[in-house]
Amino acid sequence: MGNFGQLMDGFAIALTTQHVMIMVLGVLLGLVVGVLPGLGAPNGVSLLLPLTFTMDPISAIILLTSMYWGALFGGSTTSILFNIPGEPSSVATTFDGHPMAKQGEAVRALTLAFTSAGIGALVGVLVITLLSSWVANFALRFGSPEYFAVYFMAFASFIGMAGSSPFKTLVSIMLGFAVATVGMDTISGEGRLTFGLGELSNGISFLIVVIGLFGIGELLLTIDEGYKFEGVKAKLKLSTIFRTLAEMPRYWVTIVRSALIGCWMGITPGGPTAASFMSYALGRRFSRRGKYFGKGEPEGIVAPETADHSAGSCALLPMLALGVPGSATAAVMMGGLMIWGLNPGPMLFSTRPDFVWGLIASMYAGNLIAVVLVLATVPLFAFILRAPFTVVGPLIAIICVIGAYTVANHMFDIWLALIFGIVGYAFKKLDYPLAPFVLAVVLGDKAEDAFRQSMLSSGGSLNIFFETPLVATMMAIGFLLLLLPFIGRLFGALLGKGNAAEARDGRPA
Amino acid sequence: MAIRISHAGAAAMALTLGLAAPGAALAEWQPERPVELVVSAGPGGGSDIFTRVVQAALTKNGLVKTPLLVVNKPGGSGSEAFAYAKDNPDSAYKIYFGTQDAYVLPLTTKVNYAYSDLKPLAAMVSDVFILWSNPKTSGINTAKDFIDKAKAAPGKVRAAGAKAKDADETVVTLIERATGTDIAYIPYKSGSEAAIQVAGGHIEANTNNPSESLEQWKAGNQKPLCVFTSERLADKTVIADGMSWADIPTCVEAGIDVKNFLQPRTVWMGKDAPAEATAYFTDLMKKVMETPEFKEYAARNVQIVKFQAGDEYKAFLDQQIANYNEIYKANGWLLPSQ
Amino acid sequence: MNISRNAMEVATALVTALVGALICYGAMENGIGWTESGPKPGYFPFGIGCLIVAGSVATLVQVGWKSMAARPAGEADSLVPFIDGQGLRTLAAFFLPIAVMTAISFWLGLYIGMALYIFYAMRFAAGFRIHNALLTAIIVVAVNFVVFEKLFMVPLLKGPILEYFGIY
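Chains as they are written, first to last, in my numbering: chain A, 1 to 509; chain B, 1 to 338; chain C, 1 to 168.
These are calculated hints, taken from the structure and not from any lab test.
The model shown is predicted, which means the values in this text are computed figures rather than measured ones.
Glycine included, C-beta positions come from ideal geometry on N, C-alpha and C.
Check before you lean on any hint, since a few could be wrong.
Quick list of simulated restraints, FRET-style, between CB atoms [said to hold, decoys possible]:
#1 A/Leu-380 to C/Arg-89: 33 to 41 angstroms
#2 A/Met-21 to C/Phe-165: 33 to 41 angstroms
#3 A/Phe-195 to B/Gly-332: 23 to 31 angstroms
#4 B/Pro-89 to A/Met-55: 33 to 41 angstroms
#5 C/Trp-34 to B/Leu-334: 21 to 29 angstroms
#6 C/Arg-89 to B/Gly-332: 54 to 62 angstroms
#7 B/Ala-152 to A/Ala-476: 30 to 38 angstroms
Using the sequences plus the hints, can you model the full thing?
Structure follows, in structure tokens:
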């Protein structure tokens with residue numbers, strides 16, 4: 001129980017009045033930053049960084065991580081209300097969160113998201129607390145083939161579930177890969193698919209893609225479908241929040257499954273984005289209400305949010321122990337660590353236990369504060385939704401345009417986002433699935449890098465993916481996930497109960 | 001950003017502050033709006049930390065009155081930052097931070113700027129390169145072990161590094177040429193990622209700046225084999241196993257005939273930046289060198305501290321470009337047009 | 001000006017096929033082979049391009065097949081509208097101003113583009129009175145200015161007019 005004692009010391013450090021104030025401030029700033037796409041957590045954190053130069057490292061990291069939690073929660077807010085994910089990891093939240101909000105249940109959707117996110121984060125921190133020494137060593141076992149296997153698992157769980165025409169799914173996922181390929185290639189140092197355009201050699205940012213596909217695309221769809229946001233119906237009753245909170249225990253199976261997926265993906269290099277996608281896909285497959293996913297199903301919100309936040313918390317550990325950041329925000333924080341005079345690495349735990357355990361303790365407290373604060377903002381957001389669409393629409397459009405610009409200060413990116421907007425509109429109306437597209441944009445180049453690094457390493461032999469028990473197991477699980485729908489269908493056909501037909505009809509509109 | 005009411009307003013303000021003497025105003029050029037510190041790398045990378053340390057040193061010591069914004073432009077291996085310089089040739093408020101990438105990128109890659117779009121200000125420090133292994137998993141304890149292994153199995157022994165056709169891969173090709181070996185180079189996104197691969201026993205060796213492998217050395221997962229400098233490092237603080245930086249043999253001593261390979265940390269402005277501004281910022285960077293924050297940074301990263309500016313620096317740059325041209329020509333990395 | 005769903009299916013599939021072909025072409029530049037140390041940089045992009053083309057062609061066939069099958073059965077599947085003239089006009093009325101704003105912002109900076117767009121949208125789409133629309137535009141610009149330039153120090157494109165007035 002050595003860890004437990006150290007955690008208590010950590011709480012003594014984290015729960016001083018000054019540090020709690022810092023947490024509140026950080027979470028509030030994070031909320032603002034997270035709500036504005038394009039600004040996002042990495043920008044917010046790097047903006048606060050100069051402020052921390054004069055603080056002591058513990059206060060500084062508490063400020064930055066609190067801001068990060070705030071930004072994550074803020075990102076879920078825009079995902080649900082406007083279909084604009086502020087962070088890659090909150091894309092999966094849009095699938096059911098936005099439909100639910102459109103049906104006039106925005107308050108319920110937000111409450112579900114925030115509560116499950118909070119639970120996920122706490123599970124993640126708990127895992128860190130109990131397994132910190134083991135996790136650091138385990139993460140070292142991941143070479144390029146293992147990285148690839150992790151990404152393969154994420155893809156496999158998702159491809160199998162796509163409901164619409166397999167050809168459209170194919171086109172969609174491949175277009176996503178193509179977008180991820182544009183720009184500088186890590187392995188060869190050459191520009192790819194740039195067609196001589198300087199703007200393209202910088203690559204296409206994931207944020208531009210989602211602002212276009214989801215944000216602008218959704219605006220166009222809303223107009224097309226001729227209906228306004230039905231937020232008007234949403235009554236601002238505080239009781240909705242409490243009723244939703246009381247509803248949470250019903251989803252305990254989903255929560256446990258998602259938290260497990262999240263922790264696994266956080267400890268391995270999969271990260272929060274892969275975790276939320278995978279959790280959504282598996283939730284849809286294993287939940288009894290899976291066929292309602294995509295139409296505003298509560299479990300479709302709980303699954304990705306829980307996994308996202310448990311992975312986000314768990315991922316902090318490999319970052320501290322190995323010095324490899326899992327996300328852009330983590331990278332900025334790590335830069336901060338080094339400027340404050342701390343070196344992230346295996347020795348940090350023994351040289352600065354006060355820092356590490358103060359941080360871990362602050363993660364418990366910071367997340368609790370974030371959940372409370374963000375629930376307090378729900379009525380405010382619900383209020384925004386009550387405005388007529390002719391007013392809200394142009395304002396969302398402005399947010400999208402500025403968001404696209406602030407990603408890298410390129411006017412070209414705004415045009416790209418507008419193009420992706422049209423693509424998103426047309427694809428959604430023609431039943432091209434967008435989720436595989438986004439997953440491919442996020443993980444495509446990482447998976448390709450890992451594959452090619454493995455090939456360089458093995459001299460071109462594919463056996464490297466089955467050499468060690470770890471990588472072989474993960475690849476096997478991946479194949480199993482890939483084939484599961486077919487196996488299920490086969491069983492259904494054999495049993496002759498017509499389950500297969502039912503499973504097929506279970507796809508979302 | 002600051003709103004400057006008008007030129008007249010600024011002059012009036014200067015008058016009230018008693019700074020009206022035109023001669024003094026000209027000599028004492030001061031920034032009057034926020035200054036962008038543009039980094040040719042993403043957050044957390046070596047150039048990013050370098051820039052943020054400069055930012056910290058300037059703000060903490062009150063050397064600049066206006067806000068300083070760090071802007072990351074990592075696109076196109078960092079060429080995005082220098083293309084930004086091309087688009088803003090005469091800005092007095094944009095300073096660019098990089099490495100040798102500023103003048104090396106146009107040699108190998110199609111980038112949308114030319115070296116002539118940049119005005120060199122200074123080089124502040126240089127990072128050294130060290131060859132590392134994980135003795136526990138690979139049995140490689142010395143540089144000689146590594147070379148012997150590479151000779152025994154051509155193309156099978158692997159070395160990891162950051163990015164392709166950049167400093168790390170260049171070092172590996174220099175080793176190959178000096179020892180007549182064939183080493184499989186595997187590029188990763190960053191130096192610390194490469195270090196983890198070696199520490200985890202997945203790859204035999206890596207070339208890295210000292211700070212990126214330091215913690216793994218302390219933890220016993222990595223060991224420095226030799227350093228690519230003409231003389232041994234000066235720092236005698238013991239790090240691990242009774243070994244200090246100064247105990248690492250130079251690669252020439254260890255049997256790899258690669259003399260001096262350094263990565264300068266460089267500062268640039270747009271080619272038409274006003275002379276007063278370049279003079280001011282060059283001077284400012286010199287002041288940064290004296291701050292405790294920067295000194296600590298240089299010590300922690302075991303860098304070679306040498307401030308270079310002016311004509312001597314320009315000559316150094318020309319020499320560097322000529323060197324790289326030669327190495328890259330031998331590697332077949334030059335763009336066809338050159 | 002009705003566009004049928006079938007027409008849109010075909011048009012989209014043709015566009016994706018074209019994009020796929022373009023990707024194949026772009027990938028050729030990097031080498032598309034498989035060497036002894038793994039794939040060349042263009043290997044995956046080329047495959048991706050080919051699969052996009054294949055998927056698009058398959059979609060085309062599927063659409064053709066369905067409309068052939070639907071006709072004898074008397075189903076009007078091929079006539080299901082994708083969007084009608086009225087819908088298209090509403091859509092264009094929303095989307096084109098955004099595109100125009102982007103174009104204007106290129107010359108005059110984002111703040112002026114934003115102001116013009118909000119004024120237009122509030123006046124003509126939302127039916128505000130002129131002074132209310134003007135007020136909304138000013139408030140939106142002011143809020144954005146404070147949030148981005150002051151609070152978060154993220155400079156947006158200013159353009160020559162603002163620079164002339166000394167706002168950087």
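Violated hints - listed by number, lowest first: none
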